[in-house]
Every structure is written in structure tokens, then in C-alpha cells.
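In order, the protein sequences belong to chains A and B. Start counting the first sequence at 1; every next residue gets the next number (full-length UniProt numbering). Start counting the second sequence at 1; every next residue gets the next number (full-length UniProt numbering).
Just so you know, not all the hints are guaranteed correct.
Derived DSS-like pairs: lysine-lysine, alpha-carbon spacing no greater than 30 Å straight-line [to be verified]:
#, chain 1, residue 1, chain 2, residue 2
1, A, K76, B, K60
2, B, K28, B, K17
3, A, K76, B, K17
4, B, K28, B, K213
5, B, K254, B, K28
6, B, K213, B, K231
Just so you have them, the derived chain A footprint on chain B, three or more residues with Cβ under 8 Å [claimed, not checked]:
#, region
7, 89-96
8, 189-195
Derived CB-CB ranges, DEER-like [claimed, not checked]:
#, chain 1, residue 1, chain 2, residue 2, range
9, B, D270, A, D111, 49 to 57 Å
10, B, Q188, A, E270, 47 to 55 Å
11, B, D146, A, R544, 42 to 50 Å
12, B, G115, A, L330, 38 to 46 Å
What the hints contain is simulated information worked out from the structure, not anything from laboratory work. The model shown is predicted, which means the values in this text are computed figures rather than measured ones. The C-beta atom is built at its ideal place from N, Cα and C for all residues, glycine as well.
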Amino acid sequence: MTAPQWDAAQLALALLSVDPVGLGGMVVRARSGPVRDAFLAELGSIPLPRRRIHPDISDDGLFGGLDLSATLASKKIVFSQGVMHDPAALILTMAERTPADLAAKLAQRLDLDGTHCLIALDEGAEPDERCPPALSERLAFRVDLEAIGRLQATPGDLPDPAIARALYPRIAATAEAIEALTALAARYGVDSLRAPLFALRAARAHAALFGRNSLTSDDIAAAAGLVFAHRATQMPQDAEQEDNAPPPPPEDEGDSPQDQGEDQMEISQEMLIEAVRAMLPDGMLESLVPAGTARGARGSGAGARRKGNRRGRPLPSRPGRLDGRARIDLVATLRAAAPWQPIRRKLSPRGQKLLIHPGDIHLKRFEDRSDRLLIFTVDASGSAALARLAEAKGAVELLLVQAYARRDHVALIAFRGEGADLLLPPTRSLVQTKRRLAALPGGGGTPLAAGLQAAGELAEHARSQGLSPAIAVLTDGRANIALDGSADRAQAAEDATRIGTWLRACGLPGVVLDMGNRPTRQLGDLAAHMGARYLPLPRADAERLSAAVTAALDA
Amino acid sequence: MKHAFPFSAIVGQDDMKLAMILTAIDPKLGGVLVFGDRGTGKSTAVRALAALLPPIQAVKACPVNAADPSEVPDWAGLDTHEMVERPTPVVDLPLGVTEDRVTGALDIERALTQGEKAFQPGLLAQANRGYLYIDEVNLLEDHIVDLLLDVAQSGENVVEREGLSIRHPARFVLVGSGNPEEGELRPQLLDRFGLSVEVRSPNNIEDRIEVIKRRDAFETDAAKFMRKWGKEDRKLRDRILAARAKLAEIDTKKPALRDCAELCVALGADGLRGELTLLRAGRALAAFDGDTALARPHLRRVAPLALSHRLRRDPLDEAGSAARVARTVSEVLG
């Protein structure tokens, strides 16, 4: 008894084995375990040598470079060959931890060389820990092995891809297939044009696998299911729904001639739509993360950690190669070489005193923590002043004391009347902050959107200077002044939501404190849009407020 | 050899193609930045452009492609006056590139084997009089960006390191492409690009089908496809060459200058580079269209390309700055 996902994964692998380079590869979403091992054991069907790489691989290791120790030893220039020098099936472990620059470099080489195939093993635990889109875009398939039990993962009985490889070049793409796949991609909201190209190749590979000489609707349906399902961003409108919907959605305009012409067409759109829908993982569309919010698995806690090898707090040194960027840890290198000296001296023809091999070289590593900046965005409007501006001020003061102890920077933005003012640019001066805060007057409207925008701009600016900003918003949530200064409650709320979405897209952590007399749903929604923690604090005193903020920002 | 996909076979993306043609006509425009979604043919277009460009005359074996023997730098040690024709250089700047490789550095091989202090030219030297292409330009490391900014500004590469003191001309057209989702571009670098284009996947089904069909035909039989589209490419190249010859004769009247200035003021573009680029791009378009004078239709066409990246960024304007430019253009030019 095998699970449907397992069958799909097996089929995807078989198709990939038919045309490993043309289809680019696949993303395998699975935690390490027997099911994944069983799947990886079958990678042998890909007719390329397998090479394992990891996200921390150096450029030299990947693309080759000057081999310094060999060059010095042989007195002539020696280049080392990178993993990507020869055609290979690259297996990228922990793909969800791939930094953007490595992903871009890999993607470039995949495009340019056209001799590689990449299997990205995505072990992400959370939905937004995932393989960088620059890579997954260039790989035809994505298989999800999470929900498969060990007993369901038994080798299938698919035909041998090796035989199909001979047949594959003879299968031509038909105009109907191209039209059907392109139209289908558009209906599922798949924007990239790489997807229909992959689907076309997959369909041809599918036909070859089952020993056919031309494409049939089965091939196209299978390929569409495997390639489009994980890229879908919208569900196609059902025919009856389209009839009921009063204004036809604009994106369907391109489809309508297709719909009318379907009767003559050999491949039914509906059948293909069903094929893709069958492959859609449960709850997939609901859980789609809005574009640009993937934070990666690198974490964004207090003071983003940056591991460099130039400055910061020293970490234990590690063996490595000198690539011109790292500094050698001389003591550790000598210590690593010391135990081998007697043996090496015996083996060395020249009577050198000290024999150091490239493998002994240890590099210094440092960890640099960027300073944190806490941006207080305080509502100083009339309504808030009535409520609990004084308490908010007290809480901010308590937080300042903590910030001082942790050497954080703070900035203060107040919004009231028609706009927001930066009362205090980022500073560590506690006294100054206290003074400005005490003098903060209350009264006027609530231009929440303007306050958030000012905070966002300040945060972006601070980030470009190497700080790690976080935003704390204190408000009662009764936004009534829109961004353009007009007193329009509906517009004001909408503006605040839009800015909140922007803050989330920028990846700024934050917390929204509701200091109204009772929690407002509006503010909770805003916090959700910002991707921030929402803390309703009716009847809270300054101490509890401060404790809550600390807990939320440290979480 | 692997063929590049022919430029004229690219479906749609008219803005991107126009921007690239304009920089080919007038290299002083200062390059193109192509920003857009994945899978929209950004890289394809840049690589196609390389195949389209007419060849240049250069001194044989000159590391900086000098156009005249007197311009060959001393350190190259050449004494030839022979001129050769070579294709317009299009140099790829890979993301992981080191500083040495960009600016050039001590030639290690000669230093180790012969004990000589010699200069090994880098990518900037290779790119002189040609194009420097940076894919995923927004992910380029900061120190490389700083270096490029300096050289793009001065047109000269100065190397002061490892006991070398070398300078050589490095005038190139920057072509950058990237995906805005993966990171912003520093405003200083943004400003160095003359034209900018935002590309999207075509949302017309017919266009999309045509893209897939052509790509499939290209992959199935590249030679046949090249025969079919090579003629179009040659026609386009001839048009570019004709436009280059006519560029100096394009008449620029005072009202056109006023239009440029008014547009930039209305949009609140920073600095005067906007006006200058707009003017140059308009003239290049006039030459390409075979007109004799710069007129409003030309400005209307190139204004979004030349100005959309020079506005103050408004994070909330979802329509994008191109729409803002279009609105202002219709207000100012009527």
C-alpha cells in the first residue's frame, strides 16, 4: 500500500531521470528520516555523478579557484576544480538555509552551464523556512514526503528511465500541448514562463517513460500536476461559479476564447484542472505566504547575528582554506600540526624543522552582533492622552532602563494631529529620551498610518547602517487621519493596513500595544498585517506593560 | 558553441528591448537596469544583446580594447599598430567575484615563476568600450559596488595595491538585472543606470503561448531557429548602426529642452541627471525612428525608462513608479 504523494514523488524522479538537465531538478521537502533515505536511495537512476554540497560551501569549493598551498609548493599556478566543474547531480542539503547570494550564484551557473541537475533537500520545519525561490523556480518538481509513513514508501514499478532516454528526443511538442499547458498555468496564477516550459518537457518525458511516440492527454495531465501544483497561487474559477459571478474577473479575459474553443480541442481544460487539483497539497493555497515575506531560516532575533571572520567576539577557530578573506589562527594551526611532526619529519626528504600541511591550517572566526534599535512609535492623540498616555510614558521609561543595560539604541516617534514627528533620533542617551518623553504633549487626531510610515522609514535607514531595528507601537487604534492629512476614518484605517503590510514585507519585527480601555479588533488585525505580536493591555500598569514588551520582542 | 537566443525572437517586453537598443545607439546613456519577476526573460535579453551588437575596431591583443595605438597603456607592453575587428565585449560580473578579479591585480604566476612585478588586468579592463553585465545586481557585495560606482563615474580604473600603480580607461555600459523581492538596490548605484525597466510576465495567453512555442523551437533545433531569426537580428543591427551615424545630427529645439525640464520638475526627480538622460534617450529614439528632430512623442516614449528610478520611493504606491511617470507625462506634455 503506497501513499499517493509517494507515487507522485517516484514519478517525478523517474521523469527527472529521463531529462535531468532539462528539467533542472527537484525540491524534496522532508525531514531527515527513513522515508527520505528510501527516496534518496533511488536517486541512482539519474545518469549523472552525484555530488553533495551544503549551504556554507565556499565559492572556491563550488566553482574552483586558486589553490594557494599547491601553487606555493609547486612554484607554478595551480587551480583547484570546483564541484560544478563537471556535469553532476548536485545534492544541496539543508536547502532552506541557503543564503540569497549562494542561491543566486547557483542559479546563474545552472542557467549558464546547462549541465547540472540540482536536488535541493529542504528540511524546513516552519512553512516560511523554505528553499530560496531563486532556486526552486529553476527546478521543475517539488515533492513533499512529510506525510508519508515508512511502510508506504516502497519502491514502485515504473518503467526503466534508461530506455525512455533514447525515445525522449523523438517526441515532439504539439501546438495543442503548448496551448493547453500555458493556458492552464495562467489559470492557476503561475506567472513564470519557466513553468510551462518545464511542464512541456515533463510531458514529453512522461510519454517516453511509458513508451509512447507522441504526447497524449495523460502525459500532459501528469506533467501539469507535477509541475504546476506547487506553483499555484490561485484556484481556477469553476465554470458554474463564473456564470454566477456578476463581474467576470479581469484575469479570466484571456481564458474565455479558450473556454469556447474547448469542444474542438483534444485536451480538455477541465480534465487538466482536475489533474492539478488532485496534486495540490491540503491547505496549500491558504498557507501561501505573501510574496516577499520569506524570512529564511537564518533567524531574526535580537541583534541579528553575523558570522564574519574580520571582527567581533572571537569564536573557536576552524580548519579551513585561506581564500584571501579569512585570517589564519597561527597558534591553532601550529597546535594542529604539532602531533604529526615526528612522522612528517621521517617522511620528508628535506630536513625541515617545521612541517605544516594545508590540512593543519585553522582560520579565525568572529561573531559580530549588530546593535538593536528599538523604535517607540507613540500615539499622542487626544483619545490616547485621555486613556493612558501617562502609563505608556512610564512603560517606555522602564524599557529604556532595560535598553540601557543591554546597550540598545532607542528612537522615539510621536504621532498626533496631522502627522508624525521624530522626537528623538536613534540614541543611547537615556536622559535625553526621558526628557523628550516627559515633554510629549497630547491632543489632536490619530494619524496612525503616518506614525507607522515614519517608523518604517527610520527602521530601513537604521538597517542600512547596520543596526537591527524593531518597532513598538503604542496606540489605542482609533485611526482617524489618513496619510494625506484628511480626516477620513475609513481611509485612515486602510492606509494603516497598507503600511502595516509594507512593514511586514520589509521583515521588521514589532509589537503592537493596545492601550485603549478595551481591546479593539481593528488593532489586532493591523498587528496581523504587520506580522507583529498584538498585546491588548487594558488596565495594565507601566511595569506589566514593560514586561509584556520585553517578552514579545525577545520571543 | 551554444547559441544565444536571438534578440528579435523575444516576444513582447517592448520597453526592455527598446532600452537595450537605445544604449546600443548611444553608449553614453549610462546603461540599463532590468528589474522584474523570475522567468520573464531578463537574462535572455541581455545575452541576446551581446550577439546583436556590431563589432568594434581595436588594437590587436590590447587588454583594454584600445581604439588607437596611442591609447594602449604602457604596462601592456605592446608595440603593435595592427588593428583587428573584435566583437563588442560583453563581460559578465559574477556575484562571488573578488576585488582582484574586478580591478586587476599582481600577476601571481609571473611573480612566482619569474619574480617580476606585472599587472594582470581584470574584468574592468576587459569591459572597456563594451558592456558590463551584472545579474542579480541587488545581491552584489557592498565593497564591489563601491568600486564599480567609482569607476563608472570616472571612466578610469586606478589600481594602487601590492606595489603596483596602474591606471587604465574603463568606460563601459552597465547592464544590471535583478529581482526586487530579493533585495533593494542602493540609491547611489540606482542613479548610475541611465534607463530602468520593470518587466512582468505577459498576462496575455496568446503571448505566453508564443513564448513557449519559440523557446521550444529554439531548444529543439537551434540552428534552424537561428536561420529564421538571424535575418531579423541583422536588420535590427543595421538600423542601430544607421541610428548611430545620425545621432549627432538630431536637432534639439528649445521647446523640447523645456519639456524635459518641466517633466523632471513635475516629478521631483533628484539632480539634473534625469534631464540629461531623458534628452539623450529621446535623441537616440529619434535617430532610431529615422526622424530629424527631437519631438514630444519621443520624450513621451522614453520618459518612463529614463525617470522612473529617479523618483523618491513611495512604499505605498503599488502601481509602481512607472505609472506615476506616465501620469505626469500626460499632464505635462498633454
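Pairwise hint evaluation, K231(B) against K213(B), where the allowed Cα distance is 30 Å at most: Holds, because 19 Å separates the two Cα atoms, which is no more than 30 Å.
Taken at face value, is the distance from the CA of K60(B) to the CA of K76(A) at most 30 Å? This hinted pair holds, its Cα atoms lying about 28 Å apart.
Against the 30 Å threshold, does the CA-CA distance of K76(A) and K17(B) hold or violate the hint? Cα-Cα ~46 Å, so violated.
Pair hint outcome, K254(B) versus K28(B) [Cα-Cα no greater than 30 Å]: Holds, at about 22 Å.
Can the region 89-96 of chain B be counted as covered by chain A under the rule of three residues or more with Cβ-Cβ separation shorter than 8 Å? Per the Cβ count (3), the hint holds.
Against the 30 Å threshold, does the CA-CA distance of K28(B) and K213(B) hold or violate the hint? The given pair, whose Cα atoms are some 36 Å apart, is violated under the 30 Å limit.
Does the hinted range 47 to 55 Å hold for Q188(B) and E270(A) at CB? Hint holds: Cβ distance 53 Å, inside 47 to 55 Å.
Range agreement (Cβ of R544(A) with Cβ of D146(B), hint 42 to 50 Å): holds (48 Å)
Consistency of beta-carbon spacing, L330(A) to G115(B), with hint 38 to 46 Å: violated (27 Å)
Coverage of the region 189-195 of chain B by chain A (three or more Cβ within 8 Å): Three-residue rule not met by the region 189-195 of chain B, so violated; n is 0.
Within 30 Å, alpha carbon to alpha carbon, are K28(B) and K17(B)? holds (17 Å)
Can the suggested window of 49 to 57 Å be confirmed for the beta-carbon pair D270(B) and D111(A)? violated (35 Å)
When the structure is compared with the earlier hints, violations turn up for hints 3, 4, 8, 9 and 12 and for no others.
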